[in-house]
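Asker: All chains should be built: construct the whole structure from the sequences, respecting the hints.
Chains as they are written, first to last, in our numbering: chain A, 1 to 330; chain B, 1 to 290.
Hints are computed from structural coordinates only; laboratory data are not their basis.
One thing to keep in mind: the hints can contain errors.
As the list claims (entries may be wrong) - Covered, in the sense of this in silico footprint (three residues per stretch, anywhere, with C-beta under 8 Å from a C-beta of chain B), are these stretches of chain A:
1) 2–16
2) 269–282
3) 289–295
In this text, a Cβ means the ideal position worked out from N, Cα and C, and glycines have one as well.
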Amino acid sequence: MRRYFGRKLLIYLLTLFLAVTIDWLIPRFMPGDPVDVLMARAGSFAESTELMHAYYTQIFGLDVPLGQQYLNFWSALFRGDLGISVYVFPQPVAKVIMDAVPFDILLLVPAILLSWLAGNWFGAFAARSKRLDNTVLPLGYVLTATPYMWLAMLLAWALGIVLKIFPISGGYSYAMSPSFSWAFIGSFLEHWFLPFASLFLVGFGGWAIGMRNMIIYELEADYSHYLEALGAPRRLVRRYAFHNAVLPQLTGLALQLGVIVAGAVATEVVFSYPGIGYLILQAINTRDYFLLQGCFLFIIVGVLLANFVIDIVYVLVDPRTRTGMQGEAA
Amino acid sequence: MTTLDATKPKKKNEILYFALRNNKLKVGLAFLLFFVVLACVGPLLTRYQPYDYIGPAAEPPSSEYWFGTTTFGQDVFSQFVFGLQATFLVGIVGGGLATLIGILIGFTAGYRGGVVDELLNMLTNMVLVIPTLAVLLIIVAYLEVRGIFIESIFIGCTAWPWTARAIRAQTFSLRSRDFVDLARMSGEKSLKIIFTEIAPNMMSYLLLVFILQFGGAILIAATLDFIGLGPTNAISLGLMMNNAVLWGALILGMWWWFVPPGIAITAIVGALYVTNVGLDEVFNPKLREM
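Answerer: In structure tokens, the structure reads:
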């Protein structure tokens with residue numbers, strides 16, 4: 001088990017290292033000088049141009065040797081210094097991101113967990129039942145093939161514009177400011193529902209199909225046939241199949257995290273939901289590269305942490321990893 | 001002897017036999033064919049270029065403008081058919097490249113084993129946990145001019161890890177089989193063993209992988225385009241949705257602007273998935289429905 005976690009941790013640390021290096025490399029080694037690019041895009045007045053040029057050169061730290069630049073980048077990172085946002089000007093990027101994080105956590109954690117649980121449960125239920133297989137399964141394929149933003153747009157249009165049940169923009173009513181009052185929580189939930197629903201539905205379809213296929217595979221395995229031959233009740237066989245099928249699904253969750261994050265970004269854009277995804281859109285539109293790089297790092301760290309949590313859960317549910325035998329995720 | 005001779009030519013026919021009787025495969029391929037034809041023939045049916053301002057703004061679909069017009073009076077149908085072409089291009093180039101890289105790394109790691117395997121596996125696991133979109137975001141944002149082709153290349157370069165991992169596992173199990181040992185003992189080169197002994201036994205699997213990568217590349221491209229990092233010099237289905245949201249199609253109720261691109265992507269990717277399952281059932285006798 002120590003070996004298992006040791007390997008995992010090593011991979012994650014190396015990945016973080018790689019990600020930070022990419023974050024540092026890209027602005028410096030893409031064609032064109034980042035400062036010039038920023039200046040050209042900023043346009044603006046003559047006297048401010050000079051100031052901005054000096055400011056950006058200093059911020060990028062382009063006046064020192066490359067190796068030193070790289071070390072400086074890391075040390076700034078450890079101080080939590082990600083630069084200053086252009087989009088919300090004098091605020092540091094780290095603070096802008098931290099303001100958005102609660103919205104992401106409250107949206108993503110329930111959407112991911114609930115769709116995974118419900119999808120697996122339903123997929124196992126539908127497997128080898130002719131009627132459900134023929135009705136619900138096609139629906140599952142449609143759902144999992146739907147681009148996140150399109151489902152979000154359809155929901156926003158149908159439930160928000162046509163039926164006027166839910167608001168379609170923002171994380172809470174624009175007339176309020178965040179507080180712990182019932183009115184605010186109500187408004188928050190109202191705005192939360194549609195983004196949650198679209199993330200949930202797309203995920204649900206994928207997990208249900210995955211589980212259904214896994215169960216069928218397990219029911220055809222030798223141990224299932226053996227149990228059946230021994231005269232074990234159907235429910236028992238299916239329970240064993242489920243236990244075995246859930247493990248790859250758990251690995252699948254870890255693998256899918258990147259895709260889900262991408263979907264969440266697009267969904268937040270549709271609903272102008274004040275999370276990281278919406279920040280990314282604003283960063284792209286206002287050419288706020290520090291904010292974009294900050295969001296990139298934040299997403300990577302978030303996904304790495306989530307992966308680590310899944311690893312721990314894996315050890316809890318798969319006894320093989322505990323006894324030193326390498327299980328599925330090794 | 002006669003029985004042996006009788007079973008030999010049956011092998012190919014058997015696959016065809018099950019392929020023709022597999023409804024999933026038939027439905028999936030029919031949908032795909034429909035959209036491929038539409039992408040090829042569509043541009044001939046329209047007189048407009050995707051970004052031309054050709055008529056009244058925000059017109060609902062009519063006999064003149066089949067899918068209506070945008071807020072600026074651009075023809076949605078033209079944008080749609082040209083966007084379809086872009087979608088297939090991304091799928092083929094991005095999905096193809098991802099499959100190719102995955103195959104190369106998977107074969108090498110699985111066949112070589114040892115240190116090479118350790119290193120490649122580490123690389124795979126690292127790229128695997130980095131969210132593709134985040135990397136593309138940071139690379140693409142710094143590109144001044146973006147084409148669909150470049151976008152596809154970037155997608156291909158980031159989407160390969162799960163393929164490499166799966167193919168590595170398969171190669172690993174094939175490498176210790178008797179027929180591979182025999183080839184090795186008779187002194188064949190590694191490369192030849194991989195391509196004449198191992199690859200043919202995984203052909204069906206490689207086809208399935210390519211189909212999944214194809215669909216995945218389309219979805220990633222749509223997401224990138226949607227958040228404003230799409231091609232700067234062309235149209236795509238994701239870009240259509242991006243424009244629709246940006247210019248208030250939701251609030252103005254202009255459903256004809258954002259519904260067609262979404263339907264097309266969903267139908268194409270869904271058809272790919274269904275085709276994939278259908279083929280899986282054709283190739284793998286255990287999964288055939290009884």
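Asker: Give a verdict on every hint.
Answerer: We went through each hint and held it up to the structure:
no.: 1; hint: 2–16; result: holds (count 4)
no.: 2; hint: 269–282; result: holds (count 5)
no.: 3; hint: 289–295; result: holds (count 4)
Violation of the numbered hints given earlier is absent; every hint is satisfied by the structure.
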